[in-house]
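> Single-letter residue listing:
Number of protein chains: 6
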Amino acid sequence: MIRNDGRAPSDLRPVRISIDTYGYAEGSALIEMGNTRVLCTASVEEGVPQWLRGQQRGWVTAEYALLPRSTAQRTRRERNGLSGRTQEIQRLIGRALRAAVALEALDGFTVTIDCDVLQADGGTRTASITGGYVALALALHRLTAAGRLAANPIRRAVAAVSAGYVGGNALLDLDYSEDSVADMDCNLVLTDDGAIVEVQSTAEARAVSRAEFDVLIDLASDGIHRLLALQREALAPVVERLGVASAELQSEDRSVADGGA
Amino acid sequence: MIRNDGRAPSDLRPVRISIDTYGYAEGSALIEMGNTRVLCTASVEEGVPQWLRGQQRGWVTAEYALLPRSTAQRTRRERNGLSGRTQEIQRLIGRALRAAVALEALDGFTVTIDCDVLQADGGTRTASITGGYVALALALHRLTAAGRLAANPIRRAVAAVSAGYVGGNALLDLDYSEDSVADMDCNLVLTDDGAIVEVQSTAEARAVSRAEFDVLIDLASDGIHRLLALQREALAPVVERLGVASAELQSEDRSVADGGA
Amino acid sequence: MIRNDGRAPSDLRPVRISIDTYGYAEGSALIEMGNTRVLCTASVEEGVPQWLRGQQRGWVTAEYALLPRSTAQRTRRERNGLSGRTQEIQRLIGRALRAAVALEALDGFTVTIDCDVLQADGGTRTASITGGYVALALALHRLTAAGRLAANPIRRAVAAVSAGYVGGNALLDLDYSEDSVADMDCNLVLTDDGAIVEVQSTAEARAVSRAEFDVLIDLASDGIHRLLALQREALAPVVERLGVASAELQSEDRSVADGGA
Amino acid sequence: MIRNDGRAPSDLRPVRISIDTYGYAEGSALIEMGNTRVLCTASVEEGVPQWLRGQQRGWVTAEYALLPRSTAQRTRRERNGLSGRTQEIQRLIGRALRAAVALEALDGFTVTIDCDVLQADGGTRTASITGGYVALALALHRLTAAGRLAANPIRRAVAAVSAGYVGGNALLDLDYSEDSVADMDCNLVLTDDGAIVEVQSTAEARAVSRAEFDVLIDLASDGIHRLLALQREALAPVVERLGVASAELQSEDRSVADGGA
Amino acid sequence: MIRNDGRAPSDLRPVRISIDTYGYAEGSALIEMGNTRVLCTASVEEGVPQWLRGQQRGWVTAEYALLPRSTAQRTRRERNGLSGRTQEIQRLIGRALRAAVALEALDGFTVTIDCDVLQADGGTRTASITGGYVALALALHRLTAAGRLAANPIRRAVAAVSAGYVGGNALLDLDYSEDSVADMDCNLVLTDDGAIVEVQSTAEARAVSRAEFDVLIDLASDGIHRLLALQREALAPVVERLGVASAELQSEDRSVADGGA
Amino acid sequence: MIRNDGRAPSDLRPVRISIDTYGYAEGSALIEMGNTRVLCTASVEEGVPQWLRGQQRGWVTAEYALLPRSTAQRTRRERNGLSGRTQEIQRLIGRALRAAVALEALDGFTVTIDCDVLQADGGTRTASITGGYVALALALHRLTAAGRLAANPIRRAVAAVSAGYVGGNALLDLDYSEDSVADMDCNLVLTDDGAIVEVQSTAEARAVSRAEFDVLIDLASDGIHRLLALQREALAPVVERLGVASAELQSEDRSVADGGA
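Residue numbers (our numbering), protein chains in the order written: chain A, 1 to 261; chain B, 1 to 261; chain C, 1 to 261; chain D, 1 to 261; chain E, 1 to 261; chain F, 1 to 261.
One or more hints might be untrue.
[Claimed, not checked] The calculated label-pair distances, taken between Cβ atoms and stated as ranges, are:
(1) Asp-214(C) / Gly-243(D): 12 to 22 Å
(2) Ala-236(F) / Asp-222(A): 40 to 50 Å
(3) Asp-218(C) / Ser-180(D): 43 to 53 Å
(4) Arg-85(A) / Arg-53(B): 45 to 55 Å
(5) Arg-85(D) / Ala-151(F): 51 to 61 Å
It is worth saying that the hints were derived from the structure and are not from the lab. Predicted model, so just to flag it, every value in this text is computed and none were measured. In this text, a Cβ means the ideal position worked out from N, Cα and C, and glycines have one as well.
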């Protein structure tokens, strides 16, 4: 079975992650997955939300928006309150990225990950997580290297991708033309030690059997491992330049995940 | 391992579903799962949302709210826009209940399922789905019996429950004291032929392995089958009185799920 | 003249007041007047509104909402600002209940009375006042008994009822079918020593003479005295158990009203 | 007993009603009661609110606002939703003025009475009703005289005033210094044949006895008769010029009120 | 060329500025330019906006609103957020009036200039600036005379007027009938030493040449000098009574403008 | 005098205009003026705003937003209503671009120009106009070439730039470091035949003399002519490919401006 754009069912779209392209953020990444392009920026601000005061923890949160012509038809800006869809997406991104961070090591700071979709061709929420992690890691590596934190709060990498059933076939990384006719759509977020951070799976046209569901999880897990490698590649020059102890980070990651297993 | 309230890990809390308790809805159910109590009402109105006009389909949607003192501390009413949490929950309920219905058989009508939480002790969104199905089925059975629809739009039952890891133990149907310390929380929605409608699984304190995740799905699936039986019991008197062709409905359900397998 | 439901013009509908039915409030009452059913909860929170700071007084306020299917047709939730009707009703309830309380004895606390209408068949605002008083008294008796207040802030009971002209007849406690065709509608709030807290009388279809108006006030006054007895009955078990000095309270009430005369 | 400004308890403040002072309204009145000054304008627009379509009736509604420096301290403009107080006041004004009009004779038109308070020294809502009637009558007399209506929809005059207890004395037409220390405040709206349109009586500092309440109604009734005469005087030049059949109107008024008695 | 109302192209409409007409403001002016009438009030409040704290400066800001029947057709009140037009106008008024004031001499105070249009016949924003200056100067002269400020913060007078092209003719002080058909409209704000505070010039129907633009600036400058004289006249009685050092003020003004040249 | 970035007072920053970079708009331009980068997209939609129905004209409007990290400090998204600044800017952009278009030739269509600032270093509103014209021209050239319009509605080009006084020097095209200390700031919009579309000149720190003001207008006019050339260059490939009659357009432009002179 060959897809519209020539991919095999288990292929990702071509992925490119560029850092520090636009603006003045402490860390930023422009992620492109095929025609989907999302500008992710990480803003570090002093202080924490009111409800977190006095708890010796920092905070990581996310905002998400479509530029009006990221879509084939113009999408109206959300200027008088957010839609449920937008809120759901930005809550998902925030939760996923908090799984990458030891919030107690971030005490006194709030990091906001802004995900602005420049071009939308399916999979914008998972691309936001994958690109958002790069922006977040950049910002926190730099904050640590600048001596503003005692220890680097990054504990593990997270990345995400979608998978779904289209016409009976299980496909990885759906583009918009596939997503809009999918029977079931699954978004998966994993850490770089293979632990599950989030599963969101929704029957659009029909409910699926347990066996079918398991196939989607396998497919998405494979894709995420490739994305995690691309994240490391994008971060490598900065990690090297700053001398961030990334090896230690990874062994530490593993121990946390092992503790869970 | 014994839980606070004496349950085994795979026990549901005591469940009671009463119908037509308060108000004037076309169908309503008061579902109690332990101390969690949700009043679910189904309101049938003529007409469909603007974006659905001319598509020969009806619509099912949901709204969710906590009464202020359903919670131990007073929860403020959402009178100036909804929180992301509320929007997420009511979108989930709506999607789950639409999986029960053949929308083309509901052409010309919108059914709104209102889930008002009278008492909140964990699991309010899954209780809303389980109770909401009963309210919805009541309303549509009656609408069909009254001759206002050519065929009964109910295609299959849906029910939902949560499961999660607390202190390393996989537990079914978390109450609030368990939910607030859970490592990972999973909400599952199934049809009465065992197909998966929705999985929402979120790491709160730690990501889990694939094997751990599979245990939660198994646990929740078992719980849902018990809830589906209680739904049938609650509906039985009305189904009998109206002479709704429930047997046919079930065989039809199965064929749909088979088609998917 | 006999009314639809068989009542005489000066009859109340069957009244039932149950306490502590749903939720976790410090005090709550479910009041039923015929088919009208309102869940009233009293929430005690520390602190007072900003504008009251430093004045050595506590505060009592109220919120009111219809559940969507409390009404024959579904009523939309007020999620983007309140209607004038709702604001008027909850301001009335708050004013009426503050008349029951010595705010200076409540220093440091805010009590919010939430009145959620489960079923609406006319007279929801007066039922909210009558039931709200029971919830408020329960909460304050308990707060006092728990030693958190130096003296019980409850000074007198308040209750309310409607009366109106329908087809030339003065009727007590209008149900919805009567209210919707009434010429004039009057809501009266009295204390248990017979003093007038609030009169709200509105000509719907025609203005009435002074003599006609006086008849309504007499009719409603009689009804309120019966409601005050039912409130005492509902509170009796708790008052006895806690040993609240209710007799003293009543004599104190009287002196206040005498001082006014 | 002599009041701050030298009035006897049953005196109105000096009243002046000027017509067509500012702006381009179909009818307008600037009413001054002592230092309280309200600009009332009546705007006639074609069409009726959506919910009234097809009912062969017109509509009369009101809006009310304080100019920021009508008050001793600057009052913030209500630019993001209305306060409960404002909504209550404009609903009262609207109801009161609809009692003056045969809505079926106004079919096809909406009249909006805007009451903008230029200077606030107590009694702004009752001044708005009294002045608003003059603006409304002007607009409808002119609309009728212009041949745009088959019959004049004005059926009777309405006027309003406040009365209240201050330090044990029953006083008519409270100014702000009196209102702010009143024990009980009563707003009364009457027609020119003496029928009661609205009573709103609220205990501020203490509840009052029935006898005390009756005194306030008597006091306010007397004041309103004087205001009705001043309204007639203000309208007289226009009524004469247009040749509006004011005599007939008044006899008709009376018959309506008689029917009610 | 003679205009509708008989004016020559370079004539202002009849101007009248009255002070302290309505309300309780620390300073107020009712400015009438032909049929345009704006009530401008200056409210002095202690404290400065949050973003200005600790900067040893006071603040001057403005609000602007049309009364509903200031216009030929009723204009809706802006009760749920402001239109872009209103925001633009009140930002312009605020900026213009701040040019009159040494904010450091106003440390600790905020002055709000409210411009409420009673009647709108074109040029309401420029009338608001011209009248607003009088209200502001009154308030600050009085605040200084009362000893609440070490020095009078008024540094220079500002006034404003419009000019535009109508049918090829350059006209001063457009009324509504002219403004609505103008090709280009220019609003100019000058100080009393002739310096330019603000130019806002907008092509409505056609862009104009540089030479044409210069003609408008000349025309408006002449008009503003006449308005500045009328402001002085309106303020003279108060300036004299309070003994405000107005001569010094003016020489100081000039030096500031010279410094700029 | 040499500026921070080495420019002479009358130099523009380096300008680059790229077309069709991101998204799916009918026309788009990414304009870079030094570090200021704005993505301008033109969206063509069928239909016109309600207030324009039946007038045989199309419409051009604009929206403007800063991406959160376009600025050195994170700027909050405007999700609950727009600030006055944003409204002012997008109204300015819309007016300026409408001057480029014969709206009657656009009958039946609305074009929305979205200006999203990716990086903000001063002059974002003028860059939005200059880049927005390119996006608009692209979209309308294509719409015309596709045969959906009888005639190309583009009548003339428009471009804009700022100029201002910094420390006594008149500078062209201020960057943020200059803008934030400017005494006076002027934004000018011209057509390609030299006519003035809009002048917005605001004294920040001091008012300026007429002679000083004239210098700014000269400086900005020169800058705009260079920008108009760069616009033509950016559009040339598309204009050639589509064979749009650009020569005719320009002569037509000139006649319109001559008609005005």
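> Could you check the structure against the hints above and give me the numbers of any it violates, in ascending order?
1, 3, 4
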